[in-house]
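Enquirer: Residues per chain are reported as follows:
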Amino acid sequence: MSKLKHYETMFILKPTLTEEETKAQIEIVKSNIEKNGGEIVSFDDMGTRQLAYEIEKNKRGYYFVIYFKAPANAILELERNYRINEQILRFIFIKYESKKEITAWTKMSDEAAKKAN
Amino acid sequence: MAEKRKYGKKYCKYTEMKIDFIDYKNTDLLKLSMSERGKIMPRRLTGNSKNAQEMVEKAIKRARHMALVPYIVDTKNVTDPAHIK
Chain A
1 MSKLKHYETM
11 FILKPTLTEE
21 ETKAQIEIVK
31 SNIEKNGGEI
41 VSFDDMGTRQ
51 LAYEIEKNKR
61 GYYFVIYFKA
71 PANAILELER
81 NYRINEQILR
91 FIFIKYESKK
101 EITAWTKMSD
111 EAAKKAN
Chain B
1001 MAEKRKYGKK
1011 YCKYTEMKID
1021 FIDYKNTDLL
1031 KLSMSERGKI
1041 MPRRLTGNSK
1051 NAQEMVEKAI
1061 KRARHMALVP
1071 YIVDTKNVTD
1081 PAHIK
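Protein chains in written order, with this note's numbering: chain A, 1 to 117; chain B, 1001 to 1085.
In short, the hints are calculated from the structure, not lab data.
Just so it is clear, the structure is predicted and the values come from calculations on it, not from any experiment.
Where chain B lies over chain A, by a calculated footprint (3+ residues, C-beta under 8 Å):
{"hint": "1", "stretch": "49-60"}
{"hint": "2", "stretch": "90-104"}
Computed cross-link-like contacts, BS3-like style, restricted to lysine-lysine with a CA-CA straight-line distance of at most 27 Å:
{"hint": "3", "chain 1": "B", "residue 1": "Lys1025", "chain 2": "A", "residue 2": "Lys30"}
{"hint": "4", "chain 1": "B", "residue 1": "Lys1025", "chain 2": "A", "residue 2": "Lys99"}
{"hint": "5", "chain 1": "B", "residue 1": "Lys1025", "chain 2": "A", "residue 2": "Lys14"}
{"hint": "6", "chain 1": "A", "residue 1": "Lys5", "chain 2": "A", "residue 2": "Lys107"}
{"hint": "7", "chain 1": "B", "residue 1": "Lys1061", "chain 2": "A", "residue 2": "Lys99"}
{"hint": "8", "chain 1": "B", "residue 1": "Lys1061", "chain 2": "A", "residue 2": "Lys100"}
{"hint": "9", "chain 1": "A", "residue 1": "Lys5", "chain 2": "B", "residue 2": "Lys1061"}
{"hint": "10", "chain 1": "B", "residue 1": "Lys1013", "chain 2": "B", "residue 2": "Lys1061"}
{"hint": "11", "chain 1": "B", "residue 1": "Lys1039", "chain 2": "A", "residue 2": "Lys95"}
{"hint": "12", "chain 1": "B", "residue 1": "Lys1025", "chain 2": "A", "residue 2": "Lys114"}
Estimated spans, in silico, between C-beta atoms of each pair:
{"hint": "13", "chain 1": "A", "residue 1": "Glu39", "chain 2": "B", "residue 2": "Glu1036", "range": "35 to 45 Å"}
{"hint": "14", "chain 1": "B", "residue 1": "Glu1057", "chain 2": "A", "residue 2": "Ile55", "range": "16 to 26 Å"}
{"hint": "15", "chain 1": "B", "residue 1": "Glu1057", "chain 2": "A", "residue 2": "Arg49", "range": "16 to 26 Å"}
{"hint": "16", "chain 1": "A", "residue 1": "Thr18", "chain 2": "B", "residue 2": "Gly1008", "range": "46 to 56 Å"}
{"hint": "17", "chain 1": "B", "residue 1": "Tyr1071", "chain 2": "A", "residue 2": "Tyr82", "range": "18 to 28 Å"}
{"hint": "18", "chain 1": "A", "residue 1": "Met46", "chain 2": "B", "residue 2": "Ile1040", "range": "22 to 32 Å"}
{"hint": "19", "chain 1": "B", "residue 1": "Glu1016", "chain 2": "A", "residue 2": "Glu56", "range": "37 to 47 Å"}
{"hint": "20", "chain 1": "A", "residue 1": "Ile102", "chain 2": "B", "residue 2": "Thr1027", "range": "21 to 31 Å"}
{"hint": "21", "chain 1": "B", "residue 1": "Tyr1071", "chain 2": "A", "residue 2": "Glu111", "range": "23 to 33 Å"}
{"hint": "22", "chain 1": "B", "residue 1": "Glu1057", "chain 2": "A", "residue 2": "Ile102", "range": "12 to 22 Å"}
{"hint": "23", "chain 1": "A", "residue 1": "Asp45", "chain 2": "B", "residue 2": "Gly1008", "range": "37 to 47 Å"}
{"hint": "24", "chain 1": "A", "residue 1": "Lys3", "chain 2": "B", "residue 2": "Ile1072", "range": "34 to 44 Å"}
{"hint": "25", "chain 1": "A", "residue 1": "Ile55", "chain 2": "B", "residue 2": "Thr1075", "range": "16 to 26 Å"}
Note that beta-carbon positions come from the ideal geometry of N, C-alpha and C, so glycine has one too.
Please put together the full structure from these sequences, using the hints given.
Expert: Pasting the structure below:
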């Protein structure tokens, strides 16, 4: 059993999807994280917003952030899944490692959890 | 004969606000260290501390990748500026 590390992932979905389709896409991502031995701590739904520049001729995008813990070797598999998915315009993984970063991570995820409730 | 300073003393805005981690999602914080064209301002102009500058650089680069802040503001596209939400 490898040790779980603190991660954050953000991705942009296409704005052309319907509400149900976006929900389905988010569920797919979440289930992928859980399948690879990660546990989701909280998530932040930022909704559709204007992109700073066009990506694949889209001017808007649906932003979604997930705070989770996962073993380090799961990230590669998660990245592969993101790349296959055509509905995802952009994604990012951020690792929080040092003490200072982890306190920032817990603070942000607490805020996100509060916002969701 | 020290010349009189033309501007007030520079200070680090992030240290003053007691921020010890700069999040890339918080674009208001990032804009303090960006020029109007979207460039990262050097430390000699903003007066940021070394620690804060390193964090803000990283955060701006991440935010650019996620299309939260522009790489460059295009003045030719005046009809559709990037910073208006």
